[in-house]
Amino acid sequence: MDAIIIENLTKKYKDVIAVDNLTLSVQKGELFSLLGVNGAGKTTTIKMLSCLTQPTSGDAFLNGKSISKDTAAVKSLIAVSPQETAVAPSLSVQENLELMCGVHGFTKEKQNTKIKELSKLLGLENVINKKSGKLSGGWKRRLSIAMALISEPEILFLDEPTLGLDVLARSDLWDLIRSLKGKVTIVLTTHYMEEAEALSDRIAIMKDGKLLICDTADKIKKSAQTDSFEQAFIRIVKGAVK
Amino acid sequence: MRMLTFANRNAKEILRDPLTLFFGLGFPLVLILLLSAIQANIPVELFEIQHLTPGVTVFGLAFMTLFSATIISKDRGSSLLQRLYTTPMTPIDFILGYTLPMLPISVTQCIVCYIAAIFLGLDISVNILYAAVFIIPVSILYIALGLLCGSVFTDKQVGGICGALLTNLSAWLSGIWFDLELVGGTFKKISYALPFVHAVDMERAVLLGDFSGVFPHLWWVLGYATALFALAVVLFLRQMKRQ
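Which chain is which? The protein sequence lines are A and D, in order.
Under this note's numbering, the first residue of the first sequence carries the number 113, and numbering increases by one thereafter.
Under this note's numbering, the first residue of the second sequence carries the number -7, and numbering increases by one thereafter.
Bear in mind the hints are in silico, worked out from the structure with no lab data behind them.
One should not assume that every hint holds.
Stated by the list, open to error - Calculated pairs, EDC-like style, for lysine to aspartate or glutamate (alpha carbon to alpha carbon, straight line, at most 20 Å):
| # | chain 1 | residue 1 | chain 2 | residue 2 |
| --- | --- | --- | --- | --- |
| 1 | A | Lys350 | A | Asp339 |
| 2 | A | Lys140 | A | Glu266 |
| 3 | A | Lys295 | A | Asp284 |
| 4 | A | Lys243 | A | Glu196 |
| 5 | A | Lys228 | A | Glu207 |
| 6 | D | Lys233 | A | Asp171 |
| 7 | A | Lys232 | A | Asp287 |
| 8 | D | Lys66 | D | Asp9 |
| 9 | A | Lys177 | A | Glu266 |
| 10 | A | Lys331 | A | Glu306 |
| 11 | D | Lys4 | A | Glu207 |
| 12 | A | Lys293 | A | Glu229 |
| 13 | A | Lys181 | A | Asp171 |
| 14 | A | Lys243 | D | Asp9 |
| 15 | D | Lys148 | D | Asp9 |
| 16 | A | Lys177 | A | Glu142 |
| 17 | A | Lys242 | D | Asp9 |
| 18 | D | Lys233 | A | Asp182 |
| 19 | D | Lys233 | A | Glu196 |
| 20 | D | Lys148 | A | Glu196 |
| 21 | D | Lys66 | A | Glu207 |
| 22 | D | Lys66 | A | Glu196 |
| 23 | A | Lys246 | D | Asp9 |
| 24 | A | Lys220 | A | Glu264 |
| 25 | A | Lys334 | A | Glu307 |
| 26 | A | Lys333 | A | Glu306 |
| 27 | A | Lys140 | A | Asp114 |
| 28 | A | Lys222 | A | Glu266 |
| 29 | A | Lys333 | A | Glu307 |
So that you can see chain D by itself, here it is in the shape it has in the complex (with noise of 0.2 Å):
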């Protein structure tokens, strides 16, 4: 009840937020559109749209880390959270709190990127439900990664990590933009090192109907999910414990 009360202002305070709208839904959307019309005039494959979406989909999230990041760091900021500590909420009410409405508004991101490929020319299967509902695990990612910074940092640097550095990490190492056989060397090890190019490869494969092209992008990103989710816990007591 508590949970789900806390969870429910969260969200209001997101969707309220017309940016949410804007990086949430209308700039994935842009790029779909934008690169497909690239690809219309000088054809990449890496931009062709089954290709493309997933990507997509995956980079979007990035926006998810943003707003539970800085919703986190603002409460702590104004003292909202103070003001909650001295309830009989417990941790666990704060942290699923802060996740929970993260989760539909992530799987509503990927789907409403989906529709917009069918209109530009992807076929329709059933294979676009498996891709929204692998999407979580990249969610869970991505929002643990926006609990462990409004954790840790206040809501103008959050701005400027996630925002801007997490952004164009998950940008630049998750071979949406470019194919990082490209590059190569170290730059391609370190990318495979991190999440964001297992998800991708992940929701490439699912969306293809490749189900055993999933593995083992799923386990990098059941890993870092699961790891950073914890760091995140630790880092979210910490702070209240600093409180």
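Okay, chain A solo, but in the shape it has when bound (with noise of 0.2 Å):
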């Protein structure tokens, strides 16, 4: 079953299409990534997905609701763990996690068990009481996507979630992500090609707005004729591999 369908997706802004008629489809509990350089539309098409930007043509439809009739739908649905870390610094992780679960409208009872279970989950329970301006990369994104899933959404886009980590915070990360597997169907943007390979079902590469590619790792390479998803990515990218 499919949990989003994209249909002719397209944004243009005065001359430049962020997004080019992009048509996929990602299925329930897939994690699914959009991988391509700067610029190549993955954060646009995210941001359409998430109802923050209006598509200049095109729909897509989340557990079947529409981002441009049914927003309100699509926001109960979704959660959105953004690119900057987006955490207030002034609050603690815990008063971070409140903040959420009041904006979902969640009861005390809710609340204090969403917040327990997450903190064991992400591993926030030693730095529960610490400000979140406080912590580190590798903290405040976990914090950051400990954020995004209190609301228990359906739909989890992860924009560049690992951007600027260092090697242990992001091999901690991709440990995260891939207990979510299955749980929640995830939406990951990223630049880096091994966590691309690592963990996603399927993968769809875009360049200047447009898709030029969407499937498993191992047949993007063998589409490409080669054994490293990098040189399968740049053959692609470049044109090589029509």
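Take the two lone chains and join them into the complex the hints point to.
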């Protein structure tokens, strides 16, 4: 069953076409990656799917709800962890999580249960009373993902979740993302080839707003006639593979 | 519920910043103490405590503009707002969530200034309570300016525009630190076309118990507060759409 159906989605900014006639679908529980160089249209796609930006034309349906006509219903299904960490710096980890519970209208009881559950899942228990502005980059990312997960979203958008993290923090975060696989549909954007290859069920490669290919990492490598995913990416983006 | 949660977060962010305590409460108190000391040595009618205190309570609100503009611009810059825009929060939740926490802070600032003034010789009267009530529309005016600037400028620009430019404009054009009659002419006309001096004149009249003297200044304050708040809402919604 498809969680996301994108039909001819297009976004134009004056003379620039950020996303050009994008059509694809993401299955329920799938971890789907959008891969591309800067300006490929990954973040704009996520912004349209999360109702932050109106498409110029086309539409997308998240669990059957249109991003153009039913934004309130779409917002109740999704959560976004933006490219920047997007946490309230003077609030503690606990207070940041309480903020998200509050804006989703949780009861006090549900709030306490969710915070306990998520701080355990994401290993935030030891920093729960720390001011989020004082956390390291890796911990801020974890908190950012916890803030996105707290609303129990059916679809989670992770925009460059490991950008700027060191190797260990990235590896920890990969484990965390893997642990979410199957429980929630995840759409992830990334610059990192190895990240997309290691985590994704399927990968869409974009360039200049256009979808170049959408398949599993193995099939993408096969179609580019190489064993290296990075080489496959380069060949596809440079137009060597049609 | 959503709005209150967001307002609570904003109050915490503002009150936990030590600069808020310094500029929000400390700086107006320093001004009252310093100018009262000058007045004790060189008597100037403008700096008599019953004239000075209403002016300082209005001037102190310029920092509310700075605080509200800073928190909004920082939230925009850090993508926290972007995250919250993908939740079921409505535009009214955001606007009230940013506005409401500033009101009790503004009134508290006003009350603290009057308590200090009482220690410096201001007569205790019920008019002080009225002055604290009349400070509310003035606060809305300054908070609306903050909402407006925070929706348009980055946090660095906010520091310059609200922290320096607006604070100075609100000081020079308000008749707090010098009598506008002394300058007169176009300067006075410009000052009276803006709301700052009207806010000060209104607060001075309230403190003196001259309630007929509140008018027409109250209309100027309410008119500017309404117009600025409406413009701030439009600009906030515009930046929300642009996200």
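Hint check results:
For the hint linking Lys350 (chain A) to Asp339 (chain A), the alpha-carbon distance of about 17 Å falls within 20 Å, and the restraint holds. Using a Cα cut-off of 20 Å, the hinted pair Lys140 (chain A) and Glu266 (chain A) holds, with the two alpha carbons roughly 9 Å apart. Taking the CA atoms of Lys295 (chain A) and Asp284 (chain A), the gap is about 18 Å. The hint holds against a cut of 20 Å. A hinted pair counts as satisfied when its Cα atoms are at most 20 Å apart, and Lys243 (chain A) with Glu196 (chain A) qualifies at roughly 17 Å.
With a C-alpha separation of about 13 Å, the suggested pair Lys228 (chain A) and Glu207 (chain A) falls inside the 20 Å cut-off, and the hint holds. Using a Cα cut-off of 20 Å, the hinted pair Lys233 (chain D) and Asp171 (chain A) holds, with the two alpha carbons roughly 18 Å apart. Among the hinted pairs, Lys232 (chain A) with Asp287 (chain A) is consistent with the structure: their alpha-carbon atoms are about 14 Å apart, no more than 20 Å. Simply put, Lys66 (chain D) and Asp9 (chain D) have alpha-carbon atoms about 13 Å apart, close enough for the 20 Å limit, and the pair holds.
Of the supplied pair hints, the one linking Lys177 (chain A) and Glu266 (chain A) holds, its CA atoms being roughly 12 Å apart against a limit of 20 Å. In summary, the hint linking Lys331 (chain A) to Glu306 (chain A) is supported, as the alpha carbons are separated by about 15 Å, within the 20 Å threshold. The hinted pair formed by Lys4 (chain D) and Glu207 (chain A) meets the criterion: a straight-line CA distance of about 10 Å does not exceed 20 Å. As the CA atoms of Lys293 (chain A) and Glu229 (chain A) are separated by approximately 17 Å, the hinted pair is consistent with the 20 Å bound.
For the proposed pair Lys181 (chain A) and Asp171 (chain A), the alpha carbon gap of about 9 Å is at most 20 Å, so the pair holds. At most 20 Å may separate the alpha-carbon atoms for a hinted pair to count; Lys243 (chain A) and Asp9 (chain D) meet this at roughly 12 Å. In summary, the hint linking Lys148 (chain D) to Asp9 (chain D) is supported, as the alpha carbons are separated by about 17 Å, within the 20 Å threshold. The suggested pairing of Lys177 (chain A) with Glu142 (chain A) holds, with an alpha-carbon distance near 18 Å, which does not exceed 20 Å.
The straight-line distance between the Cα atoms of Lys242 (chain A) and Asp9 (chain D) is roughly 16 Å, inside the 20 Å bound, and the hint therefore holds. For the suggested pair Lys233 (chain D) and Asp182 (chain A), the alpha carbons sit about 16 Å apart, so the restraint of at most 20 Å is met. In summary, the hint linking Lys233 (chain D) to Glu196 (chain A) is supported, as the alpha carbons are separated by about 19 Å, within the 20 Å threshold. A distance of roughly 18 Å separates the Cα atoms of Lys148 (chain D) and Glu196 (chain A); the hinted pair therefore holds under the 20 Å criterion.
For the proposed pair Lys66 (chain D) and Glu207 (chain A), the alpha carbon gap of about 18 Å is at most 20 Å, so the pair holds. A hinted pair counts as satisfied when its Cα atoms are at most 20 Å apart, and Lys66 (chain D) with Glu196 (chain A) qualifies at roughly 12 Å. Pair hint Lys246 (chain A) plus Asp9 (chain D) holds up; C-alpha atoms about 14 Å apart against a cutoff of 20 Å. Taking the CA atoms of Lys220 (chain A) and Glu264 (chain A), the gap is near 16 Å; set against the 20 Å cutoff, the hint holds.
Restraint check: the Cα-Cα separation between Lys334 (chain A) and Glu307 (chain A) comes to about 19 Å, which is no more than 20 Å; the hinted pair holds. Between Lys333 (chain A) and Glu306 (chain A), the direct Cα distance comes to roughly 13 Å. Compliance with the 20 Å bound is thereby established for this hinted pair. Between the alpha carbons of Lys140 (chain A) and Asp114 (chain A) the distance comes to roughly 5 Å, so the proposed pair stays at or under 20 Å and holds. Under the criterion of a C-alpha separation no larger than 20 Å, the hint pairing Lys222 (chain A) with Glu266 (chain A) is consistent with the structure, at around 18 Å.
Distance hint between Lys333 (chain A) and Glu307 (chain A) is fulfilled; the C-alpha atoms sit about 15 Å from each other, no more than 20 Å.
Violated hints for the displayed structure: none, as all numbered hints are satisfied.
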